Amino acid sequence: MRYLPLADTDRQEMLRTIGAKSIDDLFVDVPEAARLSGKIEGLADHASEMSVERQMGAMARQNMVAGEVPFFLGAGAYKHHVPASVDHIIQRGEFLTSYTPYQPEIAQGTLQVLFEFQTQVARLYGCDVANASMYDGSTACWEAITMARRVTKRGKAILSGGLHPHYVSLAQTMARFTGDRLDVALPELTAETDAERLLASIDGETSCVVVQYPDILGRITDLTPIAEKAHANGALLIAVVTEPVALGAIEAPGHMGADIVVGEGQSIGVGLNFGGPYVGLFACKEKFVRQMPGRLCGETVDAEGKRGFVLTLSTREQHIRREKATSNICTNSGLCALAFSIHMTLLGERGLRDLAVLNHARAVLAAERLAKVPGVELVNDTFFNEFTLKLPKEARPAVRALADKGILGGVSLGRLYPEAEALENGLVVAVTEVVTDEDIEALASALQEVLA
Amino acid sequence: MSINASGWKPEMGSGEGMEVQTFTGNRALMLEEPLIFEMDEAGGCGVDIAPAPKVTSRLGGLERKRDIGIPGLSEPQTVRHYTRLSRQNYAIDLGLFPLGSCTMKHNPRLNEKMARLPGFADIHPLQPIDTVQGALKVIADLGEWLVKLTGMHSVAMSPKAGAHGELCGLLAIRSALEARGDAREVILVPESAHGTNPATAAFCGYRVENIPATERGRVDLAALKARLGPDVAGVMITNPNTCGLFEPDMIEISKAVHEAGGLVYCDGANFNAIVGRVRPGDLGIDAMHINLHKTFSTPHGGGGPGSGPVVFSEALTPFAPLPFVEKQGDRYVLIEEETAEEHHGRTFGRMTAFHGQMGMFTRALTYILSHGADGLRQVSEDAVLNANYILRSLDDVLDAPFGNSGPCMHEALFSDKDFGGGLSTLDVAKGLIDEGFHPMTMYFPLVVHGAMLIEPTETESKAALDQFIGALRSVAERAKAGDASLKAAPIYAPRRRLDETLAARKPVLAWKEPTQGVAAE
Amino acid sequence: MSLYFTKEHEWIQVEGDIATVGITDFAQGQLGDIVFVEVPSAGTQVSQGGDAAVVESVKAASDVYAPVSGEVVEGNAALEADPSLVNTAPEGEGWFFKLKLSDEGQLEGLMNADEYKAFVDSQ
Ligand SMILES: Cc1ncc(COP(=O)(O)O)c(C=O)c1O
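Residue numbers (the numbering used here), protein chains in the order written: chain A, 8 to 459; chain B, 42 to 562; chain C, 62 to 184.
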């Protein structure tokens, strides 16, 4: 067994040191009734590296790989090109195989990365401070809602219909148990977002308004009026960003008055990975920092006065505050945060802006081309790199038919909102820098065939 | 002969013990590294992005007006920056990492290779089901291993880490109780529990009460029984517990809780001690999370990501979260909201976007297939053997508060009893750093004064253990002798002790441009 | 003016019907460097034994209970900017809050300075 260094002679010698006759002596506390004597049925024995590679490889080959076909899926997870150096660096053992930096003197590498990451996220979002990551965008979103409850001491959250349905669904799950009240709505297949509904719903009991930017259908709304109305009523504005690349092109939510900005960081550095692991980004105004969930890295000095970094304000966290902690999160998404940070460093101001411009341009070209397919309508007036088409028939079977033709053509609203008939003809199409002109042409003509 | 004096003569030099203040602040391979914000040469960039075709903007007039303020570096600068930083970290790849409760075992590189196969790494979570059959099979196969290894009835794969798994288990418990019209409010948690246990219980609306430990470091069964009643929804018991001990009364605890109408959550963070030797299902529990990043070797990555699948008893299975994978004939389907009613009407719902930590599933399954059932059992045995070897090799110099009550499981626990000169567990930890080891977990569990929790894992050879034991013995002896030099440790790390008080009093959580000269905007 | 102490290591200085509350020198020594204090704002009603303030060191957070019931008339704003006052002057500038007593009878159950000293010594 290649991962186990002990030899049988070592084991015997160690048992002698311990004063045990056999390994069974070390398991004496296990009650008789719970001891397994034989093997568990139906489980294979150990296998060579080559054999495991074959088994895993066979499963991998049964999947249609995004990079090998015309690919247009988004809705909370985006395919961007990740520079080769990102994956190289995150595989360095000193990052990959280290733990949470609880001993700062021998974890300055991770800690400085976290400090840089926090600064990058805060600036991208237009906020003062960001934490060292959450699991993903959806859990970060719920954490933001509970944080708003702590800050405002109110329990009613208004969720925009443009918020990712999985994020809504998770909030609904949790709210059932925590007693938070959620005001939710389905999106409508129109160019207008539900900003009017949000404005009309804010009142003196509202803890927060949660708005996705750009939203699930790709639409972009000015958050400023919502922030103003929320603040006038003592409520917070939470902005949710599922596509961080967009912020290379459009105004940061923090600059439009958002109090808390959360989102998914997967687009930058992480890759699709069938939905996880991803990286939740969480930022807010400085005055709320003691209500934040998750780890925070801060600057300090060592005994010789040299600059260094430590995890700080830990009294918010579960390991110290236990049932009074701001969150139960412990393990977060450290390595994905590193990947995000490296990719962001490679991009820099110029790279991120250029990338955003390119994404937007390719999306505009695609939208114009696809809107020319007979029967297809472009729903959006505004969008960044993702927009919604209204097909002349149900989109979900159309997506399957496109897949049969070797094209991953988008996310149907039927998949996202299985019960909403009014949405079933909607197809959300994401177009990033990886999409070529040929891909757009291929989708347009396949769509035409499928709809015929 | 002709003397050629143009070469150079190696010389040993002199100047023993001299300290030189270098110009750079570097010390040979120990390199100081500025922040990216201090390195930025305006407009730096490490990617080449194709020029964008000209189009009419559809951004709705919300174009970003001001700079983001993030620096960019070329690829060589970037690689060097992070490589230099990486060298300031300790890691399993460098040596023994005895962080108790965290299970720092070797992270096989085959796991990494498999997780990066494009068929796993480059697929979108919302692709049509028929285009991801292999991915669903990975989830189903891993789930089946977990169910069989734990002797439970079903598994929820979507939780993102241990704490998220705890949440999953408690939400199922609450749903099951509510389904029978029983709104109980209290969760009992042992004093020794990990902080996530009480935090999770509170996070989903429960009130938390502590149950005391016995002198032998176990749950006090009598106290537990005395507290059970119609308001108690359940208990959260860690087994093996956070003192590194098996809870011998577990079957009876489960029975008592069930009789009182409650349910049993088991924190399975320490499952690595018993895989293949004990099935938690045989202990009468209702739900347990498994940290794939502990027991099944997925890397900790400096803090995450992890993955925390939860196994359920038959009673809790109907309440498990969405989505989940089901085999229908020879095809795998993903049960999301759409079909939930018919299949799974009592589910408590979704707890994350998409379907869980796929990248961790491929790694964990690779590890499981590599070890197989026989290997996994050997893994637990070696982990327990290594911990007991440490316990018995050091219990003459360090106080082992539960050492007299028999063997430990996968971790050895010591206290700071008899340290002299005002020295503490912290000082011992910092002393170990100078010896080239990552310290053990300190001050956890809370039930032992100055706790030092040492988990060697099966990864360590006897030689590595012996070296560690020698080092800790030496530092412990210094602590008992009141050797004040320990207060200065670490001396040889990239940084001396850091001022955590300053960090907390005046938090600096993001870099700001120095404001010298020009007034800030 | 009279000074009282509690078993939770709080001191109470009473002048008229106004009580000033802080934590004792012994308590701050046990806690170590104080990094953050959250004091109640004026107008808050507190009741004897209930949570009134939070005091945090780097690795611990402790609740401060109201030693007597009443309405808070002032929280010590200086602690926000400089929590170390609790370490340097626990029984002076490092006071936590002042409250208007609602039941002076509650003072009777508290310790005087000598009794508190004996209590600490016995710990
Ligand atoms: C005993 C115990 N329970 C729960 C957890 C929480 O797991 P995670 O960090 O994966 O959320 C841990 C991990 O640190 C643990 O050691």
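Hints were generated in silico from the structure; no laboratory data involved.
Check each hint, because a few of them may be wrong.
As the list claims (entries may be wrong) - Chain B side only, calculated, beta carbon under 7 Å to chain C, not exhaustive: (1) D540; (2) T542; (3) R546.
Computed from a predicted structure; not experimentally measured.
The beta-carbon is built from N, C-alpha and C at its ideal position, and this holds for glycine as well.
Here's how the hints hold up against the structure:
1. D540: Since the shortest Cβ distance to chain C is 10 Å, the answer is violated.
2. T542: holds, 4 Å
3. R546: Constraint on R546 of chain B satisfied, holds at 5 Å.
The structure is inconsistent with hint 1 alone, although it conforms to all the rest.
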